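*Asks:* Sequence:
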Amino acid sequence: MKILLTSVGRRTYLVDYFKDALIESQGKVFAANSTFTYAMTHADSYIITPEIYSNNYIDFLLQYCKENCINIIISLFDIDLPILTKNKQKFLDIGVNII
Numbered sequence: 001m002k003i004l005l006t007s008v009g010r011r012t013y014l015v016d017y018f019k020d021a022l023i024e025s026q027g028k029v030f031a032a033n034s035t036f037t038y039a040m041t042h043a044d045s046y047i048i049t050p051e052i053y054s055n056n057y058i059d060f061l062l063q064y065c066k067e068n069c070i071n072i073i074i075s076l077f078d079i080d081l082p083i084l085t086k087n088k089q090k091f092l093d094i095g096v097n098i099i
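Heads up: the sequence shown at position 92 corresponds to 92 in the UniProt record's numbering, and the numbers run straight through without jumps.
Everything labelled a hint here was simulated from the structure, so no lab data went into it.
All figures in this text were calculated on a predicted structure; none of them were measured in a lab.
Where a beta carbon is used, it is the ideal one built from N, C-alpha and C, also for glycine.
Where hints are given, some of them may not hold.
[What the hints assert, rightly or not] Straight line, CA to CA, 30 Å or less: simulated DSBU-like cross-link-like pairs of lysine-lysine: (1) K66 <-> K90; (2) K66 <-> K88; (3) K2 <-> K66; (4) K19 <-> K2; (5) K88 <-> K19; (6) K90 <-> K19; (7) K19 <-> K86; (8) K86 <-> K28; (9) K66 <-> K19; (10) K88 <-> K2; (11) K88 <-> K28; (12) K86 <-> K2; (13) K86 <-> K66; (14) K2 <-> K28.
[As the list claims (entries may be wrong)] Computed Cβ-Cβ distance ranges for the label pairs, DEER-style: (15) I94 <-> S45: 14 to 22 Å; (16) I23 <-> N56: 29 to 37 Å; (17) P50 <-> I94: 28 to 36 Å.
With the sequences and hints as input, model every part of the structure.
*Replies:* Next comes the structure, spelled out in structure tokens:
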């Protein structure tokens, strides 16, 4: 399983929690944020994204998910979640669930 945590910010503890939970299944945790943050260094891989309100934010995430075979997106920022859920079907079409 590959999980993408969006708007990861400084939440190193959440990145570490998901990595620990995925050890046995050899899953991976990916982190995304519009600026570089320390929590990104705790992830197996990370990406700097466009701003949440950018016109290409969703397309950027869709492409990243396809390229990295992401299964699940978990938003860590309440402003990000409505934008992701508005585009939920686009993600489902490529096999990505939004939590």
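*Asks:* Against each hint, give a clear statement of whether it holds in the structure.
*Replies:* Okay, the hints, checked on the actual structure:
Note on K66 and K90: the hinted pairing holds, with a Cα-Cα distance of about 11 Å set against a maximum of 30 Å. Restraint check for K66 and K88: the C-alpha separation of about 15 Å stays at or below 30 Å, so the hint holds. The straight-line distance between the Cα atoms of K2 and K66 is roughly 11 Å, inside the 30 Å bound, and the hint therefore holds. Between the alpha carbons of K19 and K2 the distance comes to roughly 10 Å, so the proposed pair stays at or under 30 Å and holds.
Of the supplied pair hints, the one linking K88 and K19 holds, its CA atoms being roughly 24 Å apart against a limit of 30 Å. A distance of roughly 26 Å separates the Cα atoms of K90 and K19; the hinted pair therefore holds under the 30 Å criterion. The straight-line distance between the Cα atoms of K19 and K86 is roughly 28 Å, inside the 30 Å bound, and the hint therefore holds. Between the alpha carbons of K86 and K28 the distance comes to roughly 26 Å, so the proposed pair stays at or under 30 Å and holds.
For a cut-off of 30 Å, the pair hint linking K66 to K19 stands: about 21 Å separates their Cα positions. Between the alpha carbons of K88 and K2 the distance comes to roughly 17 Å, so the proposed pair stays at or under 30 Å and holds. Straight-line distance between C-alpha atoms of K88 and K28 comes to about 22 Å, which keeps the hinted pair within the 30 Å bound. About 22 Å separates the Cα atoms of K86 and K2, which keeps this hinted pair within 30 Å; it holds.
In summary, the hint linking K86 to K66 is supported, as the alpha carbons are separated by about 19 Å, within the 30 Å threshold. Under the criterion of a C-alpha separation no larger than 30 Å, the hint pairing K2 with K28 is consistent with the structure, at around 5 Å. Taken as a hint, the range 14 to 22 Å holds for the pair I94 and S45, whose Cβ atoms sit roughly 18 Å apart. At roughly 34 Å, the beta carbons of I23 and N56 sit within the given window of 29 to 37 Å.
The hinted range of 28 to 36 Å is not satisfied by P50 and I94, whose Cβ atoms lie roughly 18 Å apart.
The structure is inconsistent with hint 17 alone, although it conforms to all the rest.
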